[in-house]
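Novice: Below are the chains, spelled out letter by letter.
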Amino acid sequence: MTMSEQDGAGVSRRSVLLSAGAAAGMLGLGGHSALQSLTRDETDAAVEGLFDETQVLNTACAPNCRGKCPLNVHVRDGQIKFVEPQMTDDERYRRGCLLGQSHVQRVYSPKRLKYPMVRSDWEPGAPNPGGRGEDAQFEQVSWDDALQYVADEMRRVRSEYGPESVFFHTGSGDNGMGTTIFGRLASMFGGTQQSWSIDSNVGVGFNRITGHGFFLPPTNESADWVNANTIIVWGSDLFKSQFQNDASKVLDALESGAKLVVVDPVYTTTASKADLWLPIKPGKDTHLALAMIHDVLAEGTYDDDFLRERTTAGALVREDTDEMLRMRDLDGDADDDRVVGIHAETGEPVPLEPDTYAAVELFGEYEVDGIRTTTGLSLLEEHVADYSPETVASVADLDPADIKTAAQWLATRGPGGIAPSYALGRYKYGHVFGQTYAILLALTGDYGKSGTIHAQHPSGTTLNSGEYSSPDGAPGTQSLSMHEIPAALEDGDPFPIKAIYGMESNMLANQFPNRQRWHDLLENVDMFAMADFHRTPTVQHADIILPAAHWFEREDITDAWGSHPHISHRTKAHEPLWDARDDYHIIAELADKLGYDELFLDDKRAELRKIASNDDRFDFDELRRKGNVRVEDEEAGIKYTDPFPTDTGRIELYDEDHPVEDDGTVLDLPRPIEDRTATDHDLADEYPLLFMQKHSKWRIHSQWADNAMIRKFNAEPTLDIHPSDAQDRDIDDGDYVRVYNDRGEVVVRASYNEGMRPGLINIDQGWWTDDYVHGSHQDLTHMEVNDLAPTFAFYDVRADVEPAPRDIDTSKYTAPEPSDWLEGYPNEGDN
Amino acid sequence: MTDYGMVIDLERCIGCNACAVSCSQENNVSLDKQWNRILTEGGDAMDTPEGSYPENGRDGTLSMNHLPLACQHCDNAPCVKVCPVNATYKRDDGIVEIDYDKCMGCRYCMSACPYNARVFNFDDPKTLPTDGTGNVEERKQGVVEKCTFCSHRVKEDLDPACTVACPADARIFGDLDDEESTASRYIEKYETEQLLDELETDPNTYYIRGEMSPGRTRSGNELEGTEKKAAGNPNGVATDGGDGQ
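Keeping their order, the protein sequence lines are chains V and F.
By the numbering used here, the letter at position 128 of the first sequence is numbered 320, and the numbering carries on one by one without gaps.
By the numbering used here, the letter at position 215 of the second sequence is numbered 543, and the numbering carries on one by one without gaps.
Quick caveat, the hints were computed from the structure, so don't treat them as lab data.
Even glycine gets a Cβ: it sits at the ideal position worked out from N, Cα and C.
Be aware that one or more of the hints could be misleading.
[Stated by the list, open to error] List time: in silico EDC-like cross-link candidates among lysine to aspartate or glutamate, alpha-carbon distance up to 16 Å:
#1 Lys557/F with Glu283/V
#2 Lys473/V with Glu383/F
#3 Lys556/F with Asp336/V
[As the list claims (entries may be wrong)] Distance ranges between label pairs, derived from CB positions:
#4 Leu527/F with Ser642/V: 41 to 51 Å
#5 Thr567/F with Glu331/V: 43 to 53 Å
#6 Asp337/V with Arg435/F: 14 to 24 Å
#7 Lys517/F with Ala593/V: 27 to 37 Å
#8 Arg435/F with Pro950/V: 40 to 50 Å
#9 Asp485/F with Asp496/V: 38 to 48 Å
#10 Lys556/F with Pro837/V: 15 to 25 Å
#11 Arg435/F with Ser642/V: 53 to 63 Å
#12 Arg386/F with Glu814/V: 52 to 62 Å
#13 Ala373/F with Arg998/V: 18 to 28 Å
#14 Asp497/V with Asp485/F: 51 to 61 Å
Hey, can you work out the whole structure from these sequences and the hints?
Specialist: What follows is the structure in structure tokens.
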């Protein structure tokens, strides 16, 4: 903080305090001004005794934030009263966030599903798919009837179309054993399951270079982050999303002197903590990484020992074939496919072994046995000549000195790294960024050491469930990537999908891009069943609704992929409310009705014990007692210590496979490709604004959207817009606006935000359709994907904004009635 | 003597609201009220900066900080002075507390408090579940209420709920009379301020600005210097996987 800012702080701080009433007003749900009666109560104000009546049980939170935080639940009078972070086996990982600590209001949400229901105008053989959606009416049925409908339709579809025409759909709604158990039934039935076309972009590009990554690549466990000297957070507001539960780790690193660089077009909470903020123009991330490579090479601050030991920097690339020279090209041994470098002292060609220092030349052109070659690093150096910090600064709207500072901090301050988020992969060609930063970190030697960082969430641990999900005699499942499902639904390509059973997901009618298109696609399905505990828009879109138990209402095991090194246990805090059931028992009864009566045990705990027996790192009874057990060795917390799983066992700077993208770009070396972020894109004139949907701290995907505690702070969806963009369109702060493009529209309140880059607008991700006065943010998005790492490009979207039509009904938020996330919860006695 | 106080490291605070939520849950605060608010020092809306966006990557003036704000537990508390029925009082251990039996709802204290830290129950509290949350009794309609430093927890040698909840380790609760307490040491070592110190309210809440501290380095629930506790409940955690319910 500068002196001038400090001087001003007293004034602004005071005004903040005095304006606190305004903040309280935002919390208000229509407070009355009349003083109510002041009857005195005889209750002693002193609080005693409640702790004695309260039992504390272990459980775990596990939506797809990757936090997977072990939690304690306080239960009194049969009700959940309080949730707190549970002490972890390794105490450094004790944590939780505002969402984990708001499960009380999820369990008792007015939007809990209470009874099995069937859409009134649905019946087997006459599904009336046009009746689905927001206006659909439902009738209560018994569990037996509901599951019989599901089973009968699954059997019918299997016999008419084949087993793969039944889609066993799960999202990322929970990380208990639900998906594992569901997979066992799917495998026995022979149905279709989905693989991912979300968040699989950057990791796939990184994989081309290092052999690691599909989702974000592995990174050291978060307790090691304190040892980083430079942390470049790229396109992530990690103090707000995904990593906030591990915020202390980054803060400890900063307290110890690490430099924090934030690359983000938005001035975020994380940017506000940065030593250096690079307010990049959207879509220019690969350009920037190339400029940093340029600077590291130009300044000579690359790690030459690392390059010689663990990369193909010195490997020779043939000019005639654009492939790496192999020993077989030289000595005639046809099986010797080791790549070749030039020994710096002898000048002789020598083989490069995995993870073995080779004193080879890093730069230069060499003729070997009559073959003209160039080192991989020289090809890279030549390639990045077009991406000087000065050139890229003008493209990305940055200052060249800042680019150099970031590059040199990374290169010269010791172990550190880059923590990209999934946001980069929400631009169509995000995988090229993955390729580029993998190379940049190779130049700076930031792999396999304490303090190196490669992703914004650590690897965590995964439960080994052995062959549980593919039992003996099971035909197994078919797999379709998410982006391939539309063709299956619409054209029967490669096979039709005619029945869907979904759980732990709000994707199909709310979260997938181009929402209206999915509504149309789903009309091809005869039976759509959803199990959930809340009435999400996807549940509302189903034919058969199966009320599931909340996580705290069932015993379960959770692992911690993408997070921390513990396996956790969930204790059932109380029975599922109303007629809700544990997903396990729903699936087991469905299996019974499908004729697989031996597939699941009646006793879920015995089933969990069976699953857990596949993992010899922990004992199930010990886990139940302790709540969580650290199962990963400390040494395993440092990633990339083994030879890289590439052909050469090294990081391959030059990609001799020459992958080609859909526009013809060859990616032997990283070349920026842009879709809608390009300033000369076809849609740029008509839709001048780039639309993104940031992950906020208030939801994990669409979960918690109906949570009364969260809505207290974040009551309504808003459009974040720079005041200059708003004023150009005659939009005042707080006005309702229409955001639109050639696919659809959504109406929300505009919120001026000086931290938004002009030209970029945002609506936070995860709001339910019901929460908008009109439309949905997913009505703006599209399903176009790249060739090499097909991933929905949620942020690669153009739109424009105008004042909302005058007749738009905003009473949902502007009328004084209490809000519907509070109303409707029945009083005691009804549960 | 004991003089409880709070140090909040604003360099560590990420404005995540975990403390705000945990406070409301533990203290059964009505869903239309908030004892512990996370204010944004910046733009008009939550989590937005003040200043202007940089051009050509430089020369912007954006700045944003978060300021968690609840009762400051002042030594010279204006609320205590104005209460006509002595319902609000400063305890010997530094905590400013309200005797809800005595409070008659005149709200003089709310006018007197320069930190806007108090709320008034115009209506019956709205909670989910309707029976309330947390480990305190429900407060009736017609009384003023505010942060108690979780005195019901402190009594059991537990840190306040907000302090345990903070994923940034930004809150340090402790005895300001004990020179060795982390809170006292940080106040000594780091640049701290008491809000609106010109009003001479002398709060027991101190904010670190400038150099970041190591924060609350303990992971447990217990008050500093007391026996380790696995849960925010003196009875501990059931270790039978729930069989004993």
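Novice: Decide, hint by hint, whether the structure agrees.
Specialist: These are the hints, each one checked on the structure:
As the CA atoms of Lys557/F and Glu283/V are separated by approximately 13 Å, the hinted pair is consistent with the 16 Å bound. For the hint pairing Lys473/V with Glu383/F, the CA-to-CA distance comes to about 11 Å; that is within 16 Å, so the pair holds. Restraint check for Lys556/F and Asp336/V: the C-alpha separation of about 50 Å exceeds 16 Å, so the hint is violated. Hint check: Leu527/F to Ser642/V, Cβ distance near 48 Å, so the stated range 41 to 51 Å holds.
Distance hint for Thr567/F and Glu331/V: a CB-CB separation of about 45 Å, consistent with the stated range 43 to 53 Å. Between Asp337/V and Arg435/F, the C-beta spacing of about 56 Å breaks the proposed range 14 to 24 Å. Checked against the given bound of 27 to 37 Å, the beta carbons of Lys517/F and Ala593/V, roughly 34 Å apart, stay inside it. Take Arg435/F and Pro950/V: their Cβ atoms lie about 45 Å apart, and the range 40 to 50 Å holds.
Distance hint for Asp485/F and Asp496/V: a CB-CB separation of about 57 Å, inconsistent with the stated range 38 to 48 Å. Restraint check, Lys556/F to Pro837/V: a C-beta distance of roughly 43 Å breaks the suggested window 15 to 25 Å. Between Arg435/F and Ser642/V the beta carbon distance is about 56 Å. The supplied range of 53 to 63 Å therefore holds. A hinted range of 52 to 62 Å holds for the C-beta pair Arg386/F and Glu814/V, which are about 56 Å apart.
Checking the proposed 18 to 28 Å range against Ala373/F and Arg998/V shows it holds: the Cβ atoms sit about 24 Å from each other. Between Asp497/V and Asp485/F the CB atoms are about 53 Å apart, so this pair conforms to the stated range of 51 to 61 Å.
In terms of the numbered hints stated before, the structure departs from hints 3, 6, 9, 10, listed from lowest to highest.
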